[in-house]
Amino acid sequence: MNRIEKQLAVTGQAGAYQKAWFADLRERILTRGEPYAIMQADTPHEIFHAMDIPIVTNQWWAAVIAAKQLSPLYFDFLKEQGYHEGLCRYCSLGLAATLHNDPSIAPWGGLPKPLLLCARLTCDCVQRVFRLWGDALGAPFFPIDNPGIESPSPRWWEDGIENWESLYQPHRLDLMVGQLEELIAFAEQRTGRTFDRAHFSRMMELIDRQETVLGEADRLIAEAPKCPVRVAEQMTNTMTAQWHRGTEWGLAHATAFRDEVRARVDAGIAAVPNERKRLMWIGAGLWHDTSFYSAFEESHGAVFTWSMYLPFAFAGYVRRPLTDPMRALASRVASMNEQLHNPPWINSWLVHEAQRNRIDGALVLMPKSCHPAAASSKFIARDLEAAGVPVLEIWTDMVDSRDWDGPAMQARVATFLEERLG
Amino acid sequence: MSDLDTALAAFDHAASVPVQGRRQVGLVSPQIPAELVRAADAAPILLWPQFTGSSDLADRYMEYFFEAPLRHLFDAAAGGALDHLDLLVVPRTSESFTKFYLYLREVQRQEPARNIPTLHLFDLLHTQGESVRRHNRGEVERLYHRVCALTGTAPSADALLGAADDEAAIRTELQALLPLRRSAVLTGCDALRIYAGVRAMTPDQVGNAVRAVIKASSTVPVRTGARLLLLGPSLPHPALCARIEATGATIVAEEHPWGGRVFEPAARSGDTLGAIAERARHVVPSARSFSAGSDWIRQAASAANAQGAVFVIPSNDDSYGWDYPACRDLCRALGLRTLLLRPVDRDPADAGAQIDEFLAAEHAA
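Chains A and B are the protein sequences, given in the same order. If you read the first sequence in the numbering used here, its first letter stands for residue 35, the second for the next number, and so on. If you read the second sequence in the numbering used here, its first letter stands for residue 221, the second for the next number, and so on.
Accuracy of the hints is not assured; some may be wrong.
[Said to hold, decoys possible] Computed footprint of chain B on chain A; a stretch qualifies when at least three of its residues, placed anywhere within it, have a C-beta under 8 Å from a C-beta of chain B:
(1) 116-125
(2) 149-162
(3) 172-182
(4) 226-238
(5) 358-371
[As the list claims (entries may be wrong)] Computed spacing ranges between beta-carbons, pair by pair:
(6) A/R236 / B/A546: 50 to 60 Å
(7) A/P259 / B/A546: 26 to 36 Å
(8) B/A546 / A/D358: 35 to 45 Å
Hints in this document: simulated from the structure, not taken from any laboratory. Note that CB positions come from ideal geometry on N, CA and C, so glycine has one too.
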């Protein structure tokens, strides 16, 4: 895999901070034996941050395992145990490492017993993966149920900022607040710590400011004549800030990112001066081959300018007014799945984003083993094509590289660029 | 026609008689409590899975992971074939159903000329917290009130209690058939005919039909082939059932929600709405159920003295596969031989050789 030069100074800062945070997390959990939680990425981390309980995120832990090239070993092990190949890989790599149970191979020598595991039931596999994982680690699993929405209005990115109570439906918010309070009570009882509501409110205010700043960066990138920041660096800076949302560092980093983007736009700097076609990457990151995002710059002048992570920050997180922080958090937790995976929300939003970003073509990640991630792809493709944006499906997995043929995929995309984008 | 066939025909007849003079509410799965519809004086129409038919519209909108019966149902709903329904209720008991609901809504939004029935999402959840319990009770009440509004009926605690009592009475009547299933007098195919027909019958009709089956069964010889549990989430595939039982084996119990499990009794409480919600959450199996099925497998294997277990896992499965190794190991620990069939989505004949080989080994053992 070719390493692409980092063009922004803040990208290096994000990497350094994340490395230090990783070392501190490891120290707290492994050396000091502090209680910690294993959580899905889309759960309310804020609750645990407010209680100063460290968390290991399942998807991040999967990325750590994948980076050590252990995915094939662990997925083959799951198959040997009788778990069929069609099961979700993104959510189950951490479970596989625990079941494999070989400290000499596993990152950190394997995760120690956590305080609890927590996941939202956004797909049918999650409760099973986490129940098995909890059993294997000897820790309880706290599921957060995921109510359906009966009448989603399409333009959620406009309605969700100020009319979020009605958009996300009061009865669903009542349920989500109830579940979050049950989670807090459970964590308090397990740790003897108290949930600091004043700290939580302060965190929610910081998050609101951080997401607003990220929204400004997003608008700068969308409106610049040529994209000033490669999509891989957009992802790194956005997700590192999001990882630490609710902290002063998260807000400071988002601000530094926005300021550097603004400086590049003001100076007329393009990430790829040769930019002729603007591409949209739809779906989770291609974590096992991020160099793919730059593969068509030189040959075709085709630049990935959009992925969901940055534009989702403002639309998906900001809630005004913030008079009831717990209810605002509940509205984020309740709606994330619909916004990113279900019609009419995802297809309507992507058409809006394609037009706002002057997108010429879209590539849609289609992971065979993750049904939610592949959901709505036909609505997405129909609507984008109808809006004049050609679409190509990319059938692969985000973390499992076993079926990834980089050169063949690049050839396929090259054909798409030449035949559909002219 | 044998006496047993004649008795079973009462169930076939009930399932095929068109409803007249009442509002019709389509239920996409048995996970939706039919008593709520009856209490509102409407007719519940359980849409039994179809394994053949058109999927042209579904292919246009649905991704690869939707099972064939749901694709056919999507075609029927989006293509106008369900326009006799006054309401179509879809449960939140799997991601496939949820997407089915949202996809139909989106087709309706984008193509308003399509004659799609009015949709209702029955948002039943399966975790056990107090807030979810309140939410589920609210969802049961919301569905009841919606059907009442459809029929112009005033919501009534007495009507609800009466319908719940009727449903409980039907379940009690069906318990009388369990010994015939467990002793391999009735086949799994017979049972599916019964379960399909019961949905359109009153408790008295069920009672009479059950007694007729019991009487007719007195002259039916016990089948001597292997007694099998049918495990996994797969839908009631009549051809698969027939293919297995053509070998002389008998399916004595099935795990999926279209079989006998949905009629298992449950404790009652004073709160009718709460009891209906709790039964739907806890007793009726679904992709979101929290019981891993081990207690049920143990009990079903013991009650029927089962000798084998056939697991049927659809090709698009993303959930039961996590339970399978433990369930397989449990079956083996109970002394059951196991067979895994996957996929058998469209043509069970594809699985014929595997079934024959498994049952031949079973016989030899």
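A quick look at each hint next to the structure:
| no. | hint | verdict |
| --- | --- | --- |
| 1 | 116-125 | holds (count 6) |
| 2 | 149-162 | holds (count 6) |
| 3 | 172-182 | holds (count 6) |
| 4 | 226-238 | violated (count 0) |
| 5 | 358-371 | violated (count 0) |
| 6 | A/R236 / B/A546: 50 to 60 Å | 45 Å, violated |
| 7 | A/P259 / B/A546: 26 to 36 Å | 58 Å, violated |
| 8 | B/A546 / A/D358: 35 to 45 Å | 42 Å, holds |
The structure is inconsistent with the numbered hints 4, 5, 6, 7, although it conforms to all the rest.
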